[in-house]
Amino acid sequence: MQLFRNNLKKSIYKIVIIFFILNNFLYANIIESQPQIIFELEKLEASNENLEIQVDFNKAVLHFRKGEYKDALRLFEKTSKVFEAPSLLNMGIIYYKQKDEKKAKEFFDKIYSKKTNLINQPYSFISSCYYLFEITKDDKYMLDLVTIFQNSKKLSDYNELITDIKDAILKELANRYLIIEDYENALGALNAMSYSLDLKKAMILIKLNNFKKASTILKKVREEEKNSETLNKVLWISAYSSLKQNNFEDAQEILDLINDRKKDFNVNIQMPIEIFFNKDLYTYKDYYKSIIKFDEERMYDFIYYFAPFVFSDSKEIIYDSVKGFIYGKAQSVENLENMVEYNTKFIRLVKQDPIKRVNELKNIIKTDSKAYIYYNLGLSYAQINDFTNAYKNFEKAYKLSPGNKLYSVMYLITANKISADMPDKQRAILDKNIKDSGGLYSYFAKELYKLFVNSAYNVVEASQSYEKTVFYKAIDFLKNMNNNEDLSNHQLLEDYERDPFIYLLKLVQKNKNEDEYRYSSRVQDSVTLKYNNNFLDSSLITSKYYIDILKAFGVFTRVDFNIDGNNNPSYLVTKAYSDLYLGKPLNSIETLKKLKDEFGYENRFTMYLSTASFLESLRPEEASIQISLIKAFYKDKDTDFLTAIQLLQNMNISSAKQFLVNKYDNPYIDFRIVGFEEFMLSL
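The working numbering puts the first residue of the sequence shown at 23, with every later residue one more than the last.
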């Protein structure tokens with residue numbers, strides 16, 4: 023298949039090189055026209071042949087137009103003795119219309135092989151060249167036509183024919199681009215035609231993710247389309263385009279139109295809409311943007327990674343992720359082994375696999391546990407992508423110790439992350455608590471509030487003695503990133519480059535003296551292509567960032583993710599995730615089951631991975647069960663949208679509309695129209 027695409031690309035590029043020479047025909051007026059090649063007597067140059075032959079030729083054309091092909095062929099055979107090229111052309115066209123391409127080719131070849139016809143009978147020569155291309159798809163005929171068109175000024179008598187054939191070539195060129203998924207150039211070829219294929223253009227714009235422009239064109243097509251069957255397809259595609267934009271108001275109007283035509287509507291059977299795992303949802307460019315300037319999701323990951331563990335509800339004693347214990351005031355503890363039992367256990371647990379750490383920390387929880395114990399468990403949950411349980415434990419920590427501003431802000435921003443149904447009154451209380459002066463970790467809380475809740479908020483509180491902590495430098499790193507400042511020499515990257523996550527952050531920073539080529543080459547050469555324990559001992563956040571770097575620089579498929587004998591749960595999560603994107607969904611399903619059965623690791627993240635794996639392995643029923651479970655366990659709003667898609671496919675329009683409430687932006691499960699590409703190619 024790849025060889026076919028490469029060969030097709032070569033043939034396209036040969037044609038395009040010549041097309042670019044022809045400025046006069048790349049921009050045509052918009053009129054509706056299609057090739058109609060029948061040679062009539064009025065197109066003949068003046069002839070002194072006897073009147074009988076001319077009459078016979080015109081009779082033959084009349085029979086041709088009536089579909090009386092046998093009589094037409096008999097007369098054209100006779101007239102070919104005098105009017106050779108035009109008679110042979112019309113005979114070839116008759117056989118072409120009768121699907122006898124072998125016989126048709128014989129007649130067209132006779133015209134094409136006689137090169138003097140280009141001078142003496144240009145209409146017949148150009149037409150035969152066009153039909154030979156249609157029959158054989160041999161690029162030499164297309165190239166001949168393009169070469170002829172360079173001299174089209176000398177063929178002014180045949181402008182209509184030339185325009186028609188130019189359009190046919192451009193349409194063929196557009197289709198070739200579509201086959202190799204070069205949608206930009208396909209659209210360019212269509213735009214150069216003398217008439218407009220609006221539906222085809224709209225569908226290409228959808229493939230280019232330009233849904234807004236596609237919807238504008240589709241609305242115009244809906245208003246003009248007279249064919250009922252085609253209109254049904256236009257409505258179906260219009261609904262799809264609106265849903266992809268999360269434009270529910272427009273989508274509901276279109277769904278009402280579909281519902282009105284429900285009796286005669288069967289496009290959902292011809293071109294069903296389905297959910298699927300889209301491993302190509304994001305481009306290289308998308309991944310690159312996400313690793314260089316973080317989106318909101320990665321900002322959350324970043325903060326959860328660097329946020330400190332806490333060891334007191336009355337004094338500022340934290341465990342810095344790199345430096346160890348940090349004391350906000352002058353306290354000094356000479357021997358950590360003499361600390362309370364929890365702290366001693368934590369020193370051991372913090373070095374364990376992150377998922378095992380959570381399971382151990384859960385066992386420490388007692389009915390009279392301190393707030394910081396719940397906070398530390400919540401932070402540990404966040405570091406393994408279990409944000410629902412992180413939210414629950416941050417809430418418990420806050421309620422036990424509302425004076426700790428770090429608990430308040432982590433509770434609030436995690437509620438926002440999972441779109442928790444927190445009452446407005448509770449949000450207002452948290453908002454006021456964080457903004458008020460005083461309290462533990464007030465500076466950190468206010469900085470996080472500004473980053474995640476209200477960017478207009480002005481932090482005036484002093485940073486006290488936090489400047490030397492990793493968390494302070496991490497927050498400063500994010501602030502500088504949001505301000506588009508150079509990060510290549512940021513203190514965070516300079517001081518802690520041995521940390522796996524920070525090592526990766528530093529790796530992808532572009533140096534001032536690097537051009538794009540040198541930058542890409544350096545990262546590709548430096549990033550390890552053998553997955554190792556350095557990433558596993560960090561967190562799942564590091565693993566996700568590493569994989570996105572691989573995708574951004576086009577080396578993901580070259581990486582060996584196997585670590586023989588490693589059954590640590592964090593490695594298994596990474597393995598399930600990478601196997602899914604490497605086309606091994608059955609392996610992912612097995613690994614995710616092992617994580618659930620042996621380590622009790624199941625959450626919204628893993629359940630969506632399971633859903634994607636079931637879809638990729640063509641097990642839609644099990645995927646639907648997973649979606650139902652996600653909705654039941656997590657009240658997940660993405661599942662409402664997926665439910666709407668499934669109801670729409672079943673033409674349960676009224677019910678589908680009720681679930682179109684929350685914007686859909688799931689990184690794993692996408693939806694598509696089956697047969698979309700084939701229909702687009704056929705237009």
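Simulated from the structure, these hints should not be mistaken for lab results. Everything numeric in this text was worked out from a predicted model, so none of it was measured. Idealized CB from N, CA, C, for every residue including glycine. Hints may contain errors.
Below, in silico cross-link-like pairs of lysine to aspartate or glutamate (EDC-like), each with a Cα-Cα straight-line distance of 16 angstroms or less [claimed, not checked]:
(1) Lys-301 / Asp-692
(2) Lys-100 / Asp-122
(3) Lys-248 / Asp-286
(4) Lys-528 / Asp-547
(5) Lys-125 / Asp-78
(6) Lys-136 / Asp-161
(7) Lys-119 / Glu-156
(8) Lys-534 / Asp-508
(9) Lys-439 / Asp-308
(10) Lys-193 / Glu-700
(11) Lys-606 / Asp-582
(12) Lys-92 / Asp-78
(13) Lys-242 / Glu-206
(14) Lys-472 / Glu-483
(15) Lys-92 / Asp-122
(16) Lys-241 / Glu-275
(17) Lys-528 / Asp-517
(18) Lys-100 / Asp-78
(19) Lys-439 / Asp-582
(20) Lys-162 / Asp-131
(21) Lys-132 / Asp-78
(22) Lys-307 / Glu-296
(23) Lys-284 / Glu-318
(24) Lys-552 / Asp-517
(25) Lys-255 / Glu-644
(26) Lys-490 / Asp-508
(27) Lys-566 / Asp-317
(28) Lys-566 / Asp-220
(29) Lys-566 / Glu-319
(30) Lys-615 / Glu-644
(31) Lys-103 / Asp-122
(32) Lys-241 / Asp-272
Cβ-Cβ distance ranges computed for the label pairs, FRET-style [said to hold, decoys possible]:
(33) Gly-576 / Val-683: 31 to 39 angstroms
(34) Asp-122 / Asn-674: 45 to 53 angstroms
(35) Arg-520 / Asn-674: 54 to 62 angstroms
(36) Val-683 / Asn-207: 20 to 28 angstroms
(37) Lys-384 / Asn-674: 36 to 44 angstroms
(38) Ile-202 / Ser-676: 27 to 35 angstroms
(39) Leu-640 / Glu-516: 45 to 53 angstroms
(40) Glu-516 / Val-372: 32 to 40 angstroms
Legend entry - Unmet hints by their number, sorted upward, for this structure: 2, 5, 6, 9, 13, 19, 21, 22, 23, 24, 25, 26, 28, 31, 36, 38 and 40
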